[in-house]
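**Q** One-letter residues, chain by chain:
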Amino acid sequence: MRFLLMSAAAVSILTTFGVLFSILFEAIEFFQMRSFWYFISGIEWSPGVEDSKFGALPIFSGTFIITFIALSVALPIGLGSAIFMSEYASFSLRDKLKPLLEILAGIPTVVYGFFAAITVAPAIVSFFEIFGIHASFNSALASGIVMGIMIIPVISSLSDDVIRAVPDSQRKASLALGMTKSETIKAIVLPSALPGIISATLLGLSKALGETMIVVMAAGMRPNLSWNMLEDMTTVTVRIVDALVGDHEFDSPETLSAFALGLVLFAVTLVLNIVSVALIRKFKEKYKVNTL
Amino acid sequence: MTNEIKDSIKVRIRDLNLYYGNNHALHNINMDLHKNKITALIGPSGCGKSTFLRCLNRMNDLIRSVKVDGQVIIDEKNIYDKDVDEVAVRKRVGMVFQQPNPFPKSIYENVAYAPLKHGLIKKGHHCDDLVEKSLVQAGLWNEVKDKLKEPGTSLSGGQQQRLCIARTIAVQPDVILMDEPTSALDPISTEKIEALMLELKKKYTIIIVTHNMQQAGRIADYTAFFHLGDLIEYDETETIFINPSEKKTEDYITGRYG
Amino acid sequence: MTYFKSESSSVSKLSSSQKKIKTDNPFYDPSLQKRHAQARRFKFLTVASIIFAISFLVFFLGDMIVKGLPAFQQSYMLIDVTYNEKTVDSTRKAIDKKYRRIVSRSWLRDIPAMVEQDPSLMNTTQATWVLVNHQVDQYMKGHYYKIKNKYLNIVKEKQAVGELELRFNTIFFTHGDSKIPENSGIKSAIIGSILTLIVTMIIAFPLGVMTAVYLEEFAHDSYWTQLIEININNLAAIPSILFGLLGLAVFINLFGMPRSSPLVGGLTLALMTLPIIIVSARAALRSVPDSIRQAGYGLGLTKIQVVQDHVMPLAFPGIMTGSIIGLSQAMGETAPLIIIGMIAFIPDSPSSIFQAATVMPAQIFTWAGMPERAYIERTAAGIMVLLSILISLNALAIYLRKKFEVNW
Ligand SMILES: Nc1ncnc2c1ncn2[C@@H]1O[C@H](COP(=O)(O)OP(=O)(O)O)[C@@H](O)[C@H]1O
Ligand SMILES: [Mg+2]
Chain A
0 MRFLLMSAAA
10 VSILTTFGVL
20 FSILFEAIEF
30 FQMRSFWYFI
40 SGIEWSPGVE
50 DSKFGALPIF
60 SGTFIITFIA
70 LSVALPIGLG
80 SAIFMSEYAS
90 FSLRDKLKPL
100 LEILAGIPTV
110 VYGFFAAITV
120 APAIVSFFEI
130 FGIHASFNSA
140 LASGIVMGIM
150 IIPVISSLSD
160 DVIRAVPDSQ
170 RKASLALGMT
180 KSETIKAIVL
190 PSALPGIISA
200 TLLGLSKALG
210 ETMIVVMAAG
220 MRPNLSWNML
230 EDMTTVTVRI
240 VDALVGDHEF
250 DSPETLSAFA
260 LGLVLFAVTL
270 VLNIVSVALI
280 RKFKEKYKVN
290 TL
Chain B
0 MTNEIKDSIK
10 VRIRDLNLYY
20 GNNHALHNIN
30 MDLHKNKITA
40 LIGPSGCGKS
50 TFLRCLNRMN
60 DLIRSVKVDG
70 QVIIDEKNIY
80 DKDVDEVAVR
90 KRVGMVFQQP
100 NPFPKSIYEN
110 VAYAPLKHGL
120 IKKGHHCDDL
130 VEKSLVQAGL
140 WNEVKDKLKE
150 PGTSLSGGQQ
160 QRLCIARTIA
170 VQPDVILMDE
180 PTSALDPIST
190 EKIEALMLEL
200 KKKYTIIIVT
210 HNMQQAGRIA
220 DYTAFFHLGD
230 LIEYDETETI
240 FINPSEKKTE
250 DYITGRYG
Chain C
0 MTYFKSESSS
10 VSKLSSSQKK
20 IKTDNPFYDP
30 SLQKRHAQAR
40 RFKFLTVASI
50 IFAISFLVFF
60 LGDMIVKGLP
70 AFQQSYMLID
80 VTYNEKTVDS
90 TRKAIDKKYR
100 RIVSRSWLRD
110 IPAMVEQDPS
120 LMNTTQATWV
130 LVNHQVDQYM
140 KGHYYKIKNK
150 YLNIVKEKQA
160 VGELELRFNT
170 IFFTHGDSKI
180 PENSGIKSAI
190 IGSILTLIVT
200 MIIAFPLGVM
210 TAVYLEEFAH
220 DSYWTQLIEI
230 NINNLAAIPS
240 ILFGLLGLAV
250 FINLFGMPRS
260 SPLVGGLTLA
270 LMTLPIIIVS
280 ARAALRSVPD
290 SIRQAGYGLG
300 LTKIQVVQDH
310 VMPLAFPGIM
320 TGSIIGLSQA
330 MGETAPLIII
340 GMIAFIPDSP
350 SSIFQAATVM
360 PAQIFTWAGM
370 PERAYIERTA
380 AGIMVLLSIL
390 ISLNALAIYL
400 RKKFEVNW
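Chains as they are written, first to last, in numbering that gives the first Met the number 0: chain A, 0 to 291; chain B, 0 to 257; chain C, 0 to 407.
Quick caveat, the hints were computed from the structure, so don't treat them as lab data. Hints should not be assumed to be uniformly reliable.
[As the list claims (entries may be wrong)] With a straight-line cut-off of 27 angstroms between C-alpha atoms, the simulated DSS-like cross-links for lysine-lysine are:
#  : chain 1 : residue 1 : chain 2 : residue 2
1  : B       : Lys76     : C       : Lys33
2  : C       : Lys96     : C       : Lys149
3  : B       : Lys200    : B       : Lys34
4  : A       : Lys283    : B       : Lys104
5  : A       : Lys285    : A       : Lys180
6  : B       : Lys34     : B       : Lys76
7  : A       : Lys180    : B       : Lys191
8  : C       : Lys33     : A       : Lys180
9  : B       : Lys121    : C       : Lys33
10 : B       : Lys34     : A       : Lys185
11 : A       : Lys185    : B       : Lys76
12 : A       : Lys95     : C       : Lys401
13 : B       : Lys66     : A       : Lys171
14 : B       : Lys122    : C       : Lys33
15 : C       : Lys401    : A       : Lys97
16 : B       : Lys104    : B       : Lys81
17 : A       : Lys285    : B       : Lys121
18 : A       : Lys180    : B       : Lys148
19 : A       : Lys97     : C       : Lys149
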């Protein structure tokens, strides 16, 4: 019985390594066909043509820009919501608001994707038309904003927890010195909660990088090395999907490129997660809380 | 009331009642607190000492269910008047807590934080001077002058408490409230803080809650005995300890309960 | 005295009431006004962010409902339909020529089946409510439509005499996907989802609970358990699409399982759901007080008996709650299923876990990519169905938690 339970526990390890190795082996196969160096620094991505090239830089840049937009939306709103819930709202209000925000986290991403493509993207196009600026129907901005909304609860929920874990004695000490509430929050509470807030942000970042459906549905397919958020751009996840739903041979570089991109995604999100966990652990040790 | 007496009174409390929701925690307190004296509040636990203390700098306002009635008059002004800002009250009535609670910042920042926010000083050598002066007054300077950049939380418990006192006097208050400031400390640290209070009363009016009657006897000029939300007796410390007029006070002093 | 002096310079600018406040209020501090204004601005910002987040939610749900509600109705027209040998053979001829561009092709296609079901129809002509095509349907719903004038006039005539009307759309719930918009429904996706999730739960639930029991009740704090814990944590953070890569490389290419099948989809989702179940099951087990275990040991029971008979029943509601939440997350997952091919065009419901299937979110994805306007409302309607199921599942989880909540 004990052995059975232990093997069950081993499955989770097996899975992690399964994901790693299944990606790693195919990625190695890819890099035997194509240069690793060109993959991470080349600026042309043109699978499926005669002289196909696999330079992922424009894909990375698109991913970076969309993720950046998402965090610019999610961080202030998520943190602001967390501060409101933990510092200003009454218990009963907070108990109502938190599940409401968590609905945002429970909505399937395909639904966000539809919303981004059908409602937000056209709205952005018409909005910029007013100023005579052309925006793409697959703009990075549309998917970035919607992705940002999706990760608001990731940031707000964990931040709310860490802010509330900051001992009340510190707030009282500051208020007793004649500080206003906002001064206390900004100068005392938030710096104390900072490791947790950074940790939450990294989790949000990791979620944004790995998000697929929103960008598949609302962002572009075109690898586009540009800073303009109103242009269409593509991301790592979009290209993974694109490479695998096409009709290429499994052993072709076209298909295998998905695994090379997947390997990068795996490595980056893994590092983000490890750092994030380490930060939270530090916070917990400092304030001796174990409710997080 | 002659002017002299009036001048020697820093805080006058009139018909003060406090409710936590339906719990009537303070009953009709009337009391005059003397300037540049140490007043000790004693009484069994749960009798409302801390609650009373928090009325003096309006910290009770932070508790949602609290309702305060009556007047706390500091410098001829009722601090519960509509035109009084509780932030300004707390600036002039500082508070030191039972558990030392330095901010998780450097020793220097712990002291400089509030004066900077209040705009009492600007960053630079004025600030350095104020930090030094406050730490000297709190009797901590010699111990920390070489490690001002280290976190306040790295100090020992007694040092932390003196840092909290330094932090409080850096704001230049008139009144300092202390809620059992030594109950979490060892005897040597306690002794240091008691000595410090005797020094500080030259400049400040000090009100201290203590459950240690010897402490009240050692340092307090006046002592008030609270019981179940009532102010039973308030007089010079000597009188309270040697010749109390209330039976309850005597029982408590002689250790019959509490 | 300096007090008065410094004040008097600015006194002239103040109204008399303010002057009074200043002079007899030792707590007056003009610099505080600025700080309080700052405090109000700060609070306002936090309120604004939460209001933004909540109003987005409201707007978003509203948008889905507005877009999706029309799909729950479908237009039908009352026309004469002739059933005989010839029309069963060539169904176009069953109706008057002028209606051929109005009536749905899929409805005509079903005529032979209708006759087979009800042979008394044979050789009769009946006035029948007939499904119309999606352009006419869009016209009825006041959306953009493309109908030639000739036909539009007929449509308007029919509408005027009440022989064209919107009815509840049963097709949406009884049909699978279709290239004919008015004939498409979500049924095969629902069946696909159910089959997939059955596979998921059959794998993930026992594995997750057993892992949790091992970690909480049996494992000592060793290097090995720490490794497992770190792994579970990382597993939860791996982007879902990478599980799709695993499914493709391992289940399909290595083990040769059928592509697009609920089997592969369910296995893939099981691996993703595992960490959720483990974490919640551990929390549930941990919340069972040690006194219960001690009592069991006191009776001379073995560790396994104690866990089985005394700990598990108490932890069960918590485990169920976590599993339902894991289930609902798996239900909304799309990306990994696209990778393993579960976006195939599936008109008929799959009947086994080895057949090609699609799932609800994948169906939503497919419809969202269709050019016809009629699919947009179906996408939104599909979203409404999916969200209703998810909300019900979560409500059930919350109910279970509340009902069995015990404060030890
Ligand atoms: N935050 C609070 N909310 C409700 N009741 C309180 C609160 N703080 C204290 N009380 C009640 O007020 C009474 C006095 O408490 P306190 O002032 O802490 O007593 P002391 O400091 O003398 O031990 C007690 O009955 C206590 O239960
Ligand atoms: Mg107390």
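**Q** Starting from Lys283(A), check that the Cα of Lys104(B) is at most 27 angstroms away, please.
**A** 17 angstroms, holds
**Q** Holds or violated: Lys285(A) and Lys121(B), Cα atoms, limit 27 angstroms.
**A** 31 angstroms, violated
**Q** Mind checking the alpha carbons of Lys76(B) and Lys33(C) for me, to see if they're no more than 27 angstroms apart?
**A** 23 angstroms, holds
**Q** Straight-line Cα separation of Lys97(A) and Lys149(C) no greater than 27 angstroms?
**A** Status violated; Cα separation ~56 angstroms.
**Q** CA of Lys121(B) to CA of Lys33(C), is that 27 angstroms or under?
**A** 17 angstroms, holds
**Q** Do the alpha carbons of Lys180(A) and Lys191(B) lie within 27 angstroms of each other, as the hint requires?
**A** 33 angstroms, violated
**Q** Does the structure keep Lys34(B) and Lys76(B) at a Cα separation of 27 angstroms or less?
**A** Judged against 27 angstroms, a Cα distance of about 15 angstroms means the pair holds.
**Q** Given the hint that Lys66(B) pairs with Lys171(A), does the C-alpha gap stay at or below 27 angstroms?
**A** 19 angstroms, holds
**Q** Hinted pair, alpha-carbon criterion (27 angstroms max): Lys180(A), Lys148(B). Please report holds or violated.
**A** With Cα atoms ~26 angstroms apart, Lys180(A) and Lys148(B) stay inside 27 angstroms; holds.
**Q** Starting from Lys33(C), check that the Cα of Lys180(A) is at most 27 angstroms away, please.
**A** 13 angstroms, holds
**Q** CA of Lys122(B) to CA of Lys33(C), is that 27 angstroms or under?
**A** Satisfied, since the Cα-Cα distance of roughly 19 angstroms is no more than 27 angstroms.
**Q** Does Lys285(A) pair with Lys180(A) here, judged by a C-alpha cut-off of 27 angstroms?
**A** 23 angstroms, holds
When the structure is compared with the earlier hints, violations turn up for hints 7, 10, 11, 16, 17 and 19 and for no others.
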